[in-house]
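Peer 1: Given next are the chains, with one letter for each unit.
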Amino acid sequence: MAAEIEAVEEERVEKAVEGNGIAICVRDLRTSFGDQVVHDGLDLDVRKGEILGVVGGSGTGKSVLMRAIIGLQIPDRGEIEVFGEPMIGRLDDEALAIRKRWGVLFQGGALFSTLTVAENVEVPIREYYPNIDAQLRDEIAAYKIRMTGLPADAGPKYPAELSGGMRKRAGLARALALDPDLLFLDEPTAGLDPIGAAAFDEQTRRLQQTLGLTVFLITHDLDTLYSICDRVAVLADKKVIAVGTIDELLATDHPWIQEYFNGPRGRAATAAVARERGKTAAETQADGRR
Amino acid sequence: MNKAADLAEETRDGGTVVRLSGTLTIACLHDLPSRLDALEGPISAIDLSDVDHMDTIGAWTVHRTAKRLDCAVGGGRADAERMIAAVGELDEPVAIRPEHVSPLKRVLGEIGEAVVNSGATLFGLLGFFGATLVAAWNVVRHPSRFRVNAVVQRFEVVGVSALGIIGLMSFLIGIVIAQQGSVQLRQFGMEMLTINLVGRLTFRELGVLMTAIMVAGRSGSAFAAQLGTMKLTEEVDAMRTIGVSPMEALVLPRTLAVVVMMPLLGFYSSVIAVIGGGFLCAVSLDIPPITFVQRLREVVPITDLWVGLIKAPVFGLIIAISGCFQGMQVKANAEEVGLRTTSAVVQAIFLVIVIDAFFAVFFTWVGWN
Chain A
1 MAAEIEAVEE ERVEKAVEGN GIAICVRDLR TSFGDQVVHD GLDLDVRKGE ILGVVGGSGT
61 GKSVLMRAII GLQIPDRGEI EVFGEPMIGR LDDEALAIRK RWGVLFQGGA LFSTLTVAEN
121 VEVPIREYYP NIDAQLRDEI AAYKIRMTGL PADAGPKYPA ELSGGMRKRA GLARALALDP
181 DLLFLDEPTA GLDPIGAAAF DEQTRRLQQT LGLTVFLITH DLDTLYSICD RVAVLADKKV
241 IAVGTIDELL ATDHPWIQEY FNGPRGRAAT AAVARERGKT AAETQADGRR
Chain B
1 MNKAADLAEE TRDGGTVVRL SGTLTIACLH DLPSRLDALE GPISAIDLSD VDHMDTIGAW
61 TVHRTAKRLD CAVGGGRADA ERMIAAVGEL DEPVAIRPEH VSPLKRVLGE IGEAVVNSGA
121 TLFGLLGFFG ATLVAAWNVV RHPSRFRVNA VVQRFEVVGV SALGIIGLMS FLIGIVIAQQ
181 GSVQLRQFGM EMLTINLVGR LTFRELGVLM TAIMVAGRSG SAFAAQLGTM KLTEEVDAMR
241 TIGVSPMEAL VLPRTLAVVV MMPLLGFYSS VIAVIGGGFL CAVSLDIPPI TFVQRLREVV
301 PITDLWVGLI KAPVFGLIIA ISGCFQGMQV KANAEEVGLR TTSAVVQAIF LVIVIDAFFA
361 VFFTWVGWN
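Residue numbers (UniProt numbering), protein chains in the order written: chain A, 1 to 290; chain B, 1 to 369.
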């Protein structure tokens, strides 16, 4: 099992290196609402095939950054490229080809409340590929629903009948409907219980590995950061102040980063990871002795 | 790199092999799924060695074909094979649509449901009326809990802001009644009776009725939408946990405002309608305003005014209660707010007209005709 995961991991890394690509490239971004400047001179690169966690205090513009990248928020200045294509100032029709290559999970799931879960998942397929016949479309919706870990009877239900966690999974199923290369997740585990959140993390990791996704993940959840993110970008002072693995971030001396990761919650998460690693190491040792 | 997906049948080792090629992604599949569906067995294997790239939708297409034709899949790259295995694991029956019901059964079911719903709504409305009375009684016992500000604010929204539109509407209605009435009465040479028509009709019926319809559209709908939204955002629940009764804080001020404002608006509307009628009489029937007013005093009994003024608060109560009731029923989603608002208005107008008919019978019975 461990060897298998390692092999997958290796292949993934290989893929990323082979493309040597940058999925999202943001340069000198400035966004503002009236007098309030949210980003000023923000630079960020998201590598292909990685899970990038984006953290920052409330109001530092994490969601605004995501909205700017996906074209819902028009920046005052700056350049945004997704898969090498500039996204600023493009007409909707021109950006369509790129739009098909990403999926977005909004904070509350943003499911269409008048449609069932299955119909929600089918919306992007209907919209972009009307030539796919209804039977195949239903089958696609069915396995996407299973893929995100929803129960088999969730298809005909309406969003109002679902719990918060299930709504997020349904939103994820819709985001994955077109097999995107790039997935945006806005606080996917906020409001979930720890077990549900851990399961969601696990799901995200597995999907990312099977589908070779690039994931842009906004989160406040330290456990998520530790368990699934390849790199973490920290937003503060209107820009990205640091990007790197958690260990690299810990080595910097920015007070906010230190406070974030070395605060009581940060220490608890670190301890949990250390415990987990210790356990695995002990098991390996025990196996070796046998 | 993106080549259109294609398939070719080859005979190999005595069996037929389907050889897929190109890019098996949703963008490149085109008609491949239907062509694969059209394949007839027996087919021994599906060969993926010419497939350069595949997404889960391509993998699913291959998987379902392999399952249908009961053949092996081979020759693909490691990630393709893994993806097919991954989607294969997800191949379980999943409910997509609600179960199909025969049309007859469905229609019968819908009728039954509608009947039960109407009964439940009427019952609920009655219960809500009772709850409002209880809240009112509580406020009477503890006058300090009476929310003067909220009530006065509602007075303005329900009453003062409506003056313009209700005035304009009433003036035009007055003109229309006088004009249509005079055309008919002229045939009998009794144009003077137009004054009877305008005076009695507006004070007795139309003034209050049209006002009720306007208030239901303006304020009843607003109540339903406001309270519905507050229910959705859990404001009502928050209120309850803090110990503030939503019935006292939200429903009572609105109800009181409409009940007090309706007679005033109804009277105002009647007066304006009569002025409209008088205006038409002066312009097109050459009846001078003095004569009009003189005649009005002779033919319109004071009981007509009482009839209108007695009905008005009752109508107001119906409008406020159905608006608030429907708003408080909102549970699930934003769409429900719209539906509830609509039914608040429809229900209020319907009930107002039903009650109006009862009033007509009642006032005839007491001899106020």
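Bear in mind the hints are in silico, worked out from the structure with no lab data behind them.
Careful, some of the hints might be misleading.
What the hints assert, rightly or not - Computed cross-link-like contacts, DSSO-like style, restricted to lysine-lysine with a CA-CA straight-line distance of at most 30 Å:
1. B/Lys-105 to A/Lys-157
2. B/Lys-3 to B/Lys-67
3. A/Lys-157 to B/Lys-331
4. B/Lys-67 to A/Lys-157
Every value quoted in this text rests on a predicted model; they were computed, and no experiment measured them.
Peer 1: Between B/Lys-105 and A/Lys-157, is the straight-line Cα distance small enough, at 30 Å or below?
Peer 2: Holds, because 21 Å separates the two Cα atoms, which is no more than 30 Å.
Peer 1: Has the given pair, B/Lys-3 with B/Lys-67, been kept, meaning a C-alpha gap of at most 30 Å?
Peer 2: Roughly 25 Å separates the two Cα atoms, so the pair holds.
Peer 1: Verify the proposed pairing of B/Lys-67 with A/Lys-157, using a straight-line Cα cut of 30 Å.
Peer 2: holds, 28 Å
Peer 1: Tell me if the straight-line CA distance from A/Lys-157 to B/Lys-331 falls inside 30 Å.
Peer 2: With Cα atoms ~16 Å apart, A/Lys-157 and B/Lys-331 stay inside 30 Å; holds.
When the structure is compared with the earlier hints, no violation turns up for any of them.
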